[in-house]
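S.K.: With chain A fixed as given, assemble chain B onto it according to the hints.
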Amino acid sequence: MRSSRPAVVLIGLALLALVSVVLFMTLGAKGNWGFVLGFRGKKLLGLVLVAYAVAVSTLLFQTVTNNRILTPSIMGFDALYVLIKTSVVFFLGVGALVAIDSQIQFLVEVLVMVAFSGLLFRWLFLGEERSLHLLVLVGIIFGVLFRSLSQLMQRMLDPGAFNVLQDTMFASFATTDPTLLGISCVIVVAVSVVGLRLMHTYDVLSLGRAQAINLGVDYKRTVVIILSLVAILVSVSTALVGPVTFFGLLVATLAHSLIGNSKHRYVLPAAILLGIIALVGGQTLLERVFAFDTALSIIIEFLGGVVFIALVLRRSAR
Amino acid sequence: MRALILALIAVLALATISVFVGVSDVSPLAVLTGTADSRAMEVLMISRVPRTLALILAGASMAIAGLVMQMVVRNRFVEPSTTGTSESAALGFLVVTLLVPGWPLMAKMGVSALFALGGTALFLRVLRAVPLRDVLLVPLVGIMLGGIIGALTAFIAYRANLMASLLAWNMGDFSGVIRGRYELLWLGLVCGVLAYIAADRFTVAGMGKDFTTNLGLNHNHVMVLGLIIVSVVSAVVLVSVGSIPFLGLIVPNLVSLVIGDNMRRTVPWVALGGALMVLICDIAGRLIRFPYEIPIAVVMGVVGSALFLYLLLRTPRHAT
Chain A
1 MRSSRPAVVL IGLALLALVS VVLFMTLGAK GNWGFVLGFR GKKLLGLVLV AYAVAVSTLL
61 FQTVTNNRIL TPSIMGFDAL YVLIKTSVVF FLGVGALVAI DSQIQFLVEV LVMVAFSGLL
121 FRWLFLGEER SLHLLVLVGI IFGVLFRSLS QLMQRMLDPG AFNVLQDTMF ASFATTDPTL
181 LGISCVIVVA VSVVGLRLMH TYDVLSLGRA QAINLGVDYK RTVVIILSLV AILVSVSTAL
241 VGPVTFFGLL VATLAHSLIG NSKHRYVLPA AILLGIIALV GGQTLLERVF AFDTALSIII
301 EFLGGVVFIA LVLRRSAR
Chain B
319 MRALILALIA VLALATISVF VGVSDVSPLA VLTGTADSRA MEVLMISRVP RTLALILAGA
379 SMAIAGLVMQ MVVRNRFVEP STTGTSESAA LGFLVVTLLV PGWPLMAKMG VSALFALGGT
439 ALFLRVLRAV PLRDVLLVPL VGIMLGGIIG ALTAFIAYRA NLMASLLAWN MGDFSGVIRG
499 RYELLWLGLV CGVLAYIAAD RFTVAGMGKD FTTNLGLNHN HVMVLGLIIV SVVSAVVLVS
559 VGSIPFLGLI VPNLVSLVIG DNMRRTVPWV ALGGALMVLI CDIAGRLIRF PYEIPIAVVM
619 GVVGSALFLY LLLRTPRHAT
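Respectively, the protein sequence lines represent chains A and B. Numbers 1 to 318, taken from the working numbering, label the letters of the first sequence in order. Numbers 319 to 638, taken from the working numbering, label the letters of the second sequence in order.
The shape of chain A in the complex, shown without the other chains:
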């Protein structure tokens, strides 16, 4: 009985995700089906990509840092992406934003992001041993610093350029950026291929640094690769919907407690499915049933904050 639990949970989640997707595509649809399906299909693809990117990046980040409280967004990863994007506009001018193809821009931003976050997080995680609470606090404050710097630069832009940029600052699941869908798909597939090839090391890595080295993992190299994958995925999700702080934490925590063990081959798909259910299902519910349109990120923020406090308190109670 016990061994079949992950499989049962996964099948259940897959069914729920499927129901969310079907409802999202069909509920309240009037008029030309070809148009509705095409329009909603793009939105759906955006949401699924974001759910996938957030779920995978959070879980891998937690594996590498060997704890279940940290997430890339709590550590200021997505605020860093917004800062990089703002700096591009600030230093190269909004002309560059219009003249250069948006997909090439995106690729360059992702590269800078990987390099930058690589340096920052190598310094935070691979240096001396630091306490978890210090890391979380430093991450949150880094997030504030990145956001404030972006705001400072945005205030110094002219209003036209500011308008172009402003959309990246607010998380909105209702409007994903359609021009980036294609390239995001390609990137996500590429990341997944690399990620799958490392699949066998995740469970070992989550035992902690000393154990992993003992069991023959090339620790530094693997961690650097995984952190780069995380940075790329965070760039994808932030570029599509803007920064979200707690979504990943919510999904990862739920996945762990539903599956009941921490094997990545169960937890990863569970987290992805949960992400799809939360985003697609939540969006359907809010749009069609309650008629709020962009409040999903606020609700996720609220729930995630509660989960976070509960986790922190439970951890320190032990």
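Since the hints were derived computationally from the structure, they do not count as laboratory data. Treat the hints loosely; a few may be bogus.
So the derived label-pair ranges between C-beta atoms look like this [what the hints assert, rightly or not]:
id, chain 1, residue 1, chain 2, residue 2, range
1, A, R221, B, T531, 52 to 62 Å
2, B, S356, A, Q103, 58 to 68 Å
3, B, V576, A, L16, 54 to 64 Å
4, B, L324, A, Q103, 54 to 64 Å
5, B, A624, A, I104, 28 to 38 Å
6, B, E501, A, P159, 28 to 38 Å
7, B, R446, A, S87, 40 to 50 Å
8, B, L533, A, N67, 53 to 63 Å
9, B, I335, A, S87, 28 to 38 Å
10, A, D101, B, L324, 51 to 61 Å
11, B, S345, A, I104, 33 to 43 Å
Where a beta carbon is used, it is the ideal one built from N, C-alpha and C, also for glycine.
M.R.: Chain B alone, transformed into the frame defined by chain A:
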């Protein structure tokens, strides 16, 4: 004492600069010799002087509120914006604005202060559930609690179509200050004086409950007095100019690095330091992109978070 007078002179000098920075031309020479035209004098009396006064009052009282909070919670990393106090004040102001829009500002501020008090009490209640008082856990829980209250506030504002007003309150900005719109801040000064009078009690309370009781003081009374001061200051600053992040955290820490923890001695320093910091950030915000200005919350966000990171990472041994 001499150093304190020097600091006072520095504040006055910056205040003078602050009065004469601006788009509308007000020449210091003309004002001093009495030859300024009536328009310049009007700008001075209605806009410039009130703004500078507001800066000094808000800076000094927020810094003192931070100091009191750090004494009461016995943690160096707390201040109204890392304990959910500012966010609760904003929630209170939003709720009262929605329910009874016609109330006078004073009454709304009172409700806002009550919410701030409630939010801080909730924070202390949550803290009591943490058995191990990790120094860093306290601000962490506070920031998250603030995030939750902030999300709740955002949700209500979103449903009521008040998102824009909410953004305006949350972003500390002195550009809207004119005569008649800042006077509530004098209440902050009253709180600061109150904190100074009770300074010795807070110093003792900062040494722990048993120690306080041993010396014959009622620890709970001191706590409640401190929390009332903090809540009123947060509410007053929020409704007058919006929230100014990190101010109450950075200034008391820098002061205590230099002259220690005796509150009787640190209060004047913290007050002057808070005023200095706000004046500098505001003047910088006004000059960086002259003639436009950058809200002080943005400038403080950059300066404050950088200094906070420095305090956190300075000596890892102390922090853990």
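S.K.: Taking the hints in turn, state whether each one holds.
M.R.: Now for the hints, and whether the structure bears them out:
The hint said 52 to 62 Å for the Cβ distance between A:R221 and B:T531, and at roughly 58 Å that hint holds. The hint said 58 to 68 Å for the Cβ distance between B:S356 and A:Q103, and at roughly 60 Å that hint holds. For the pair B:V576 and A:L16, the supplied restraint of 54 to 64 Å holds, since their beta-carbon distance comes to about 59 Å. Under the hint 54 to 64 Å, the C-beta atoms of B:L324 and A:Q103, about 58 Å apart, fit the expected range.
The hint said 28 to 38 Å for the Cβ distance between B:A624 and A:I104, and at roughly 33 Å that hint holds. At about 33 Å, the beta-carbon gap between B:E501 and A:P159 stays in the expected band of 28 to 38 Å. About 44 Å separates the C-beta atoms of B:R446 and A:S87, a value consistent with the hinted range of 40 to 50 Å. For B:L533 and A:N67, the Cβ-Cβ distance of about 42 Å falls outside the hinted range of 53 to 63 Å, so the restraint is violated.
A C-beta distance of roughly 31 Å is found between B:I335 and A:S87, which places it inside the suggested range of 28 to 38 Å. Checked against the given bound of 51 to 61 Å, the beta carbons of A:D101 and B:L324, roughly 58 Å apart, stay inside it. Roughly 52 Å separates the CB atoms of B:S345 and A:I104, a value that falls outside the hinted 33 to 43 Å.
Checked against the numbered hints given earlier, the structure breaks hints 8, 11 and satisfies all the rest.
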